[in-house]
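S.K.: Just so you know, the sequences run in chain order U and Y.
No gaps in the numbering here: position 112 of the first sequence is 112 in our numbering, and each next residue is one more.
Throughout, our numbering is defined as the position within the second sequence, counted from one, plus 1000.
You may find that some hints are simply not true.
Claimed, not checked - Pairs of lysine-lysine, DSS-like flavour, derived with a Cα cap of 30 Å:
1. U:156 <-> Y:1423
2. Y:1744 <-> U:156
3. U:156 <-> Y:1141
4. U:37 <-> Y:1290
5. U:164 <-> Y:1600
6. Y:1189 <-> U:156
7. Y:1261 <-> Y:1637
8. Y:1593 <-> Y:1329
9. Y:1091 <-> Y:1338
10. Y:1507 <-> Y:1420
11. U:156 <-> Y:1631
12. U:132 <-> Y:1637
13. Y:1247 <-> U:37
14. Y:1091 <-> Y:1189
15. U:164 <-> Y:1189
16. Y:1287 <-> Y:1091
17. Y:1189 <-> Y:1247
18. U:164 <-> Y:1631
19. Y:1290 <-> Y:1420
20. Y:1597 <-> U:37
To be verified - These stretches of chain Y come out as covered by chain U in the derived footprint (C-beta under 8 Å, 3 or more residues):
21. 1198 to 1205
22. 1609 to 1617
Source of the hints: derived by calculation from the structure; they are not laboratory data.
Each residue gets a CB set at the ideal place from its N, CA and C atoms; glycine is no exception.
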Amino acid sequence: MAEVLSTKAVTKEANTAASSQTLTINGKSFTLDADPKMPILWALRDILGLTGTKYGCGAGLCGACTVHLDGQPVRACLTSLGQAQGKRLTTIEGLDNQKLKNAWVEHNVPQCGYCQAGQLMSAAALVAQHPKPSEEQINTAMSGNLCRCGTYPRIKAALQNYAKQEG
Amino acid sequence: MSTFTAVENVSRRDVLKLFGAVGGGLALGASGLTWSPMALAQDKEARLNLFIAIGEDNKVYLTCHRSEMGQGIRTGILQVLAEELEADWDKIVPIQGLADKRYASQNTDGSRSIRENYDRMRQMGAMARTMLEQAAAARWKVPVSEVHTAAHKVLHAKSGRSASFGELALAASEQPVPALESLKLKDVKDFKQIGASRQIVDMDAMLTGSAIYGYDIKLDGMLYASIMRPPVLGSDVASVDDTAARKVAGVVDVYRLPTPKGPPAFNQLGGVAVIATNTWSALEGRKALKVEWTTSPNSQHDSSLYLKELVERVQQSGKVVRQVGNELKNWPEADTLKAVYTVPYLIHSPMEPPVATAYVTAKGCEIWASTQTPQSTQQNVAAALGIEEDAVKVNVTLLGGGFGRKSKPDFSVEASLLSKQFKRPIKVSWSREDEIQNGYYHAISAQSYQALFDANNKPTALLARTGFPSISSTFAEGVEYPSGGELDLGFVDVPFALPHLRYEVVKAQAHSRIGWMRSVCNIQHGFSVGSFVDEMAHRAQVSCPDMWRSLLGDARRETFSDQQFKYGNYGEDLNRHPVDVSRYFGVIDAVEKAQAKAPKAGKNQGWGFAVHRSFVSYVAVAILVEVSEDKQVTVLKAIAAIDAGTVVNPDRVKSQTEGAIIFGLSLAMMGEITYKEGKVQQSNFHDYPLLRLPQTPDMEIIIIASDAPPAGVGEPGVPPVAPSLTNAIFAATGVRIRDLPVSKQLRI
């Protein structure tokens, strides 16, 4: 069932360039009236209320807004609604890799936690492709995600631990 | 339902549902400037004191009055409360405290949440436990001395009776508040919570995307603002052409903020706000603005020229701030070692930029902010709106990092002025560019050091000078010198035991908002002294740790009492937290021992070392680097030992120290903010890079076991990192890096 969300209530007082956009987010179909050029980051956060996906730089430099588009990690700040039309979008709210989250818990990874949604989304995409990632694969896959608190050693340990459990 | 309804007043709802009664429990009228448990006597129901409420459901609602920004304080404060209360950890519900003067300071900076609250929180826990025991004794008509508390229950051993906290809560809340002197605190050997590594209380929320940060606040009818602020401090809007901006889809209005007056302090900066129905429209609208700016006295500021001036100044005599022994003149060239060090401007860059939401109504103002300082937010918003402080309610969200940036409430002031104007809730979200270009900067600085060696190549005298624009310049006009408090941060307070010591400061005027950033002036002072001691060690042909040992002298408790020098000591009593040379030795020894077991430096590799005391904690760091023939630096390993006294949550002390190493490596290797024509030249992570995962070394963190009073944790790990790194680079290459960041000379 498609959930219809409209921004008209708030946009009627402003100029609009909205058109109907249909997205599949975490397995659910959404239709919203919005500018197709709007980055999905802001549609998720400001219109759909899915605030788990974070803003960090707006330029694809920090990875805080990482989501999956048809299973591939992309930066929500650089992906427009138009580009996401008809594709499967997964956000942290829909991430179902509990084993990965358990590895994060075991290593008590988060500090402030703000970047962790993006870290987890990048990590989930990595282990989906390489269930037993090598150190080099971890370094490559996680190099686009900044953490100012400095949780990198634990992210790495959590992923290495995950790899071990894959036997 | 708006997002915030879900998080709004968690405290009120949770406590209300306990008994369906309001009572006085959360009618938090400020009742005095100083914290006092007695102020709570009027509180009813199951609120036992300001920090502890107990539900009939047997859950314990513990309030953390400090801000969570990654340091784990929402877990740590609760551990201390739960310890003395004898509460079960799995029956604990964390509550975030609103701005309230009764808590005493809520300013979450200076690495002091635990050191300033450890004793108080133990007392709060013990007080609540005593009230539960009094209630049980009264119910059973037995002497209080016959009951005791364990595992979330009060027990009477003689009769075998017991009652849960939930069963006793209401009666306990009617018991007299016990006098502080009468409280019996637990013996350290009986601790179950303090000293236990606990999982952070917000873990689940953080891993599911449901944790609410300032950026995530959404209120019904809320508008979003993006502000174009003056690019030069002190400049103002000369003209605005907002025609194109107003045409951007989603833009509601464009509003010019008032021109701020006087020193920057925590005022908003002025500029032009674009108000829109969503963040993206606000950002797009702002891009379309055409704004001309007036010039200011800072419009000529050029940081590279400024740094050259500072470097010259620290090589001439300055104002003496501490002297031991005599002033020595005419140092023989051959016996003298000299060096000058520089550190550029830096900026905090928490992953979540500053953000605040305000809703101003006829009744007052409500703020939801990622703030380290709810009380100062309350004061500054009240002043900006011209209303009473009590009419400003400040909700503290989780912070996506802070590092000192979010203890400046300017962004909440912006949101409050805009909400007043538009009569709607307004969220002001800073972009990354805003954060980097309109911040409160860690000061650009230069230090000179010189040491005199005797015939045996032993140092006998040290002369140090420092110069940097002062944080005081942000709050007062005409400041020309660093303040005493800034010099106490790792400059004058190193307890060298040489017969002749002389410390001087030189003039340095400010041209931007200068602020505090994680470890503050210990950054430049830790770097310069840590580098110079290594240079002295090299000259004397001893190891760097041995040079530290010889310079520090006897294992004594230094109070500087005979030196006409008053040391601030991070606000702590020097008797409770002395400058303890034996604790320097403790961390030096621990790192040396761990290093002995680590790999030896191979080809093109080198180990570096540094030690620093700050925030009354002691941290030593050893770093192993490799520098390839083509000048590529790889940091291979970092070993740190931290002595922070009594530790509440060892895992969070470890994680903070790991984070401090990464923060220190970021600033040392690649951190640099520069100015041209008064404007910051960097704008985002492409030109203000931070360390990334593949650049992170293996780490080993040693926590020194100690029963000393708790000391700082969040910041003390940062200062020794930069010198340990550059000392390692010297060991690997013979190249001495005296000007940060390393990336100016080597590849990183």
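S.K.: With reference to the structure, classify each hint as holding or not holding.
M.R.: For each hint, the structure was consulted:
| no. | hint | in the structure |
| --- | --- | --- |
| 1 | U:156 <-> Y:1423 | 48 Å, violated |
| 2 | Y:1744 <-> U:156 | 29 Å, holds |
| 3 | U:156 <-> Y:1141 | 58 Å, violated |
| 4 | U:37 <-> Y:1290 | 22 Å, holds |
| 5 | U:164 <-> Y:1600 | 29 Å, holds |
| 6 | Y:1189 <-> U:156 | 35 Å, violated |
| 7 | Y:1261 <-> Y:1637 | 49 Å, violated |
| 8 | Y:1593 <-> Y:1329 | 40 Å, violated |
| 9 | Y:1091 <-> Y:1338 | 60 Å, violated |
| 10 | Y:1507 <-> Y:1420 | 42 Å, violated |
| 11 | U:156 <-> Y:1631 | 26 Å, holds |
| 12 | U:132 <-> Y:1637 | 24 Å, holds |
| 13 | Y:1247 <-> U:37 | 16 Å, holds |
| 14 | Y:1091 <-> Y:1189 | 23 Å, holds |
| 15 | U:164 <-> Y:1189 | 38 Å, violated |
| 16 | Y:1287 <-> Y:1091 | 50 Å, violated |
| 17 | Y:1189 <-> Y:1247 | 69 Å, violated |
| 18 | U:164 <-> Y:1631 | 35 Å, violated |
| 19 | Y:1290 <-> Y:1420 | 25 Å, holds |
| 20 | Y:1597 <-> U:37 | 57 Å, violated |
| 21 | 1198 to 1205 | holds (count 5) |
| 22 | 1609 to 1617 | violated (count 0) |
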